[in-house]
Amino acid sequence: MENTLIKTVDLSKTYKVGDIEVHALKSVNITINNGEFVAIMGASGSGKSTLMNLLGCLDMPTSGEYYLDGINTSKLTKNEYANIRNQKIGFVFQGFNLLPRTTALENVELPLMYDRLEKVKNHQKQATDALIRVGLEDRMHHIPSQLSGGQQQRVALARALVNEPSLILADEPTGNLDSVTSVEVFNLFQKLNDEGITIIMVTHERDFAAFAKRIIEMRDGRVIRDAKIKDRLNAEEELKKAIAEAEIAE
Amino acid sequence: MNAKIILKVATRSIMKSRMRSLLTALGIIIGVAAVVVMVAIGDGAQRKVEEQIASLGSNLIIITPGASSSGGVNRGMGSFNRFTFDDVDKIKNEATLIKGVSPLVRSGGQVIGGVGNWFTQIQGVSPDYLDIRTWALESGEFFTDRDIMARSKVCVLGADVKKNLFPNDDPIGQQIRIRNTPFRVIGVLKAKGQTAVGTSNDDVILAPSRTVLDRLSGGRFISSIQVSAISTDKILAAQAEIKSIMRESHKLSPGEEDDFTIQDQSDLSETATETSRILTILLASVAGVSLVVGGIGIMNIMLVSVTERTREIGIRLSVGARASDILVQFLTEAIVLSLSGGVIGVLLSFLIAYILNNYTSQSALIKPQIIMIAFGFAGAIGIFFGFYPARKAAALNPIDALRYE
Ligand SMILES: Nc1ncnc2c1ncn2[C@@H]1O[C@H](COP(=O)(O)OP(=O)(O)OP(=O)(O)O)[C@@H](O)[C@H]1O
Ligand SMILES: [Mg+2]
Chain A
1 MENTLIKTVD LSKTYKVGDI EVHALKSVNI TINNGEFVAI MGASGSGKST
51 LMNLLGCLDM PTSGEYYLDG INTSKLTKNE YANIRNQKIG FVFQGFNLLP
101 RTTALENVEL PLMYDRLEKV KNHQKQATDA LIRVGLEDRM HHIPSQLSGG
151 QQQRVALARA LVNEPSLILA DEPTGNLDSV TSVEVFNLFQ KLNDEGITII
201 MVTHERDFAA FAKRIIEMRD GRVIRDAKIK DRLNAEEELK KAIAEAEIAE
Chain B
251 MNAKIILKVA TRSIMKSRMR SLLTALGIII GVAAVVVMVA IGDGAQRKVE
301 EQIASLGSNL IIITPGASSS GGVNRGMGSF NRFTFDDVDK IKNEATLIKG
351 VSPLVRSGGQ VIGGVGNWFT QIQGVSPDYL DIRTWALESG EFFTDRDIMA
401 RSKVCVLGAD VKKNLFPNDD PIGQQIRIRN TPFRVIGVLK AKGQTAVGTS
451 NDDVILAPSR TVLDRLSGGR FISSIQVSAI STDKILAAQA EIKSIMRESH
501 KLSPGEEDDF TIQDQSDLSE TATETSRILT ILLASVAGVS LVVGGIGIMN
551 IMLVSVTERT REIGIRLSVG ARASDILVQF LTEAIVLSLS GGVIGVLLSF
601 LIAYILNNYT SQSALIKPQI IMIAFGFAGA IGIFFGFYPA RKAAALNPID
651 ALRYE
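Residue numbers (this note's numbering), protein chains in the order written: chain A, 1 to 250; chain B, 251 to 655.
Simulated from the structure, these hints should not be mistaken for lab results.
We treat Cβ as the ideally placed atom computed from N, Cα and C, and that holds for glycine.
It is possible that part of the hints are untrue.
Stated by the list, open to error - Chain B is faced by these chain A residues, among others (derived, beta-carbon under 8 Å):
| # | residue |
| --- | --- |
| 1 | 53 |
| 2 | 91 |
| 3 | 101 |
| 4 | 105 |
Taking the hints into account, I'd like the entire structure generated from these sequences.
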């Protein structure tokens, strides 16, 4: 099964707030193959972000196992965790999480600095290429407060891409964006997925989930539905439609 | 991360938050400058006192007439009041722990010669006097024992007297009149500067002791005998020796009180250095308080920025930084900040010391060790308060650091 990228076994996460235990994830078993594009859906508080943070190695499970690329991550040290975040995973947050007062280029260079193998010699060129991939070559020297929300999210995406990860995790990447800008971002995701990068994203809107190839639905910390998408939307076409509609409206 | 990148990240981060960095550094700058300047003022005062004491002469012992218990004033009818040349000769011949001995006969008055007249003091001394006072000649020569015995009317001018009577000419060989008695100038003394009480050492004329005693009205007795011990550690032994010689010379019986007083510089220098040491400690503690206040300022700024910094740490952790990377970065930042703050603080203190030394009567002496101490202390404060929040944040899960509020 070398095609398997992600496999979780009874993955659980319990938060303790005072004396109260919150079971945010209860025995989640999922398998995701290389090249998939998965949308995770579910009501607020159903454990989507908790799952994403575990898959992104940003947090540790309370129990259960998480295999990434065949490696059992629960056996790893903190530093090896950091290496995985750096090498294999690109994470895109709803709130962008860019360094303030720092240019787009410097933000995108950030993961390269923490690459212990120093695969990339010319950080600036690599970061520039990533920004070109998300179509922001003319905004490289802008700082986040000088960029629109969609542009900031594209910078974050470039940062997620710069180390050429095999997996991109996006937790409500378009939660703060309007629908046209959102479609632009999904368009980028689809292109990256076409290039072979596995993408897992959380979204609240069923319309947006249709850009993915597979939907996982959660409720109360469990997976309640896991299905392939039959009539998948093409973001590029949707974008053209949206632009055409906007022109008619004028 | 290699050292170059670490340094780059640290300086970038410092430049990103200029105001915060400046405020942080300001605490260090002011703290360091305050400590260095305050201690420098104390050390400057101490050096001044030491210089003045040193100018009295090396290993100086002074014998004055009168019992010490009566404050130098003679009360008893029959007791010895005045020193004689016999006393001086006896010390010179019998004492083994002394380098030189000289009587001091004081007179004073109007001196006429050269370009005008000048009121000054005349001291009648022996040839040993120059060495006792660690004084030297600027030009000419000093009088000899022969001059003393012959009561020669020769004299040596202090630098101030030379300046006032012979501003442009060479006074050697010239005649001057001291209290209407003609004297020939045979030498000029090197300038010595101020005394401990702020008067000039150089406003004086030296002449042979017997000449002053016999030929000048006003100089009627030996006011003191000045002796220099052979070395500093022999001062006490020399005093004991002189004491027994003087008692014998004055024919005092065993139970009788001394009719003279022997003093050395240690009495004087002890009180003087003690006073200036207290001053230094006082100033240093005032400055220390300002350094601590500066440290609290740094802590304040660090704490205020901790939310922002924790988010930054979360972002860095989420893209693959290790806890150690974060710690190294923050440590470097703190060191760069406190080092540059320290350097600016030290430069500032040099500037202040320069102004004090050149434009005020206050003197400031910056010793290297105080720079090191202030630097180290300020750096420790900066590093501690900058490092502590970073250590806390770096220990978090990335996601907790990102969520921190
Ligand atoms: N750090 C935490 N401490 C305590 N409880 C937490 C923590 N993070 C999440 N939870 C709880 O875990 C449950 C799942 O939260 P999670 O953020 O995964 O939900 P979600 O599906 O992402 O919701 P949303 O769609 O609103 O983002 C919630 O009940 C939440 O209150
Ligand atoms: Mg969520």
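Structure-based check of all given hints:
{"no.": "1", "hint": "53", "in the structure": "holds, 5 Å"}
{"no.": "2", "hint": "91", "in the structure": "holds, 6 Å"}
{"no.": "3", "hint": "101", "in the structure": "holds, 5 Å"}
{"no.": "4", "hint": "105", "in the structure": "violated, 12 Å"}
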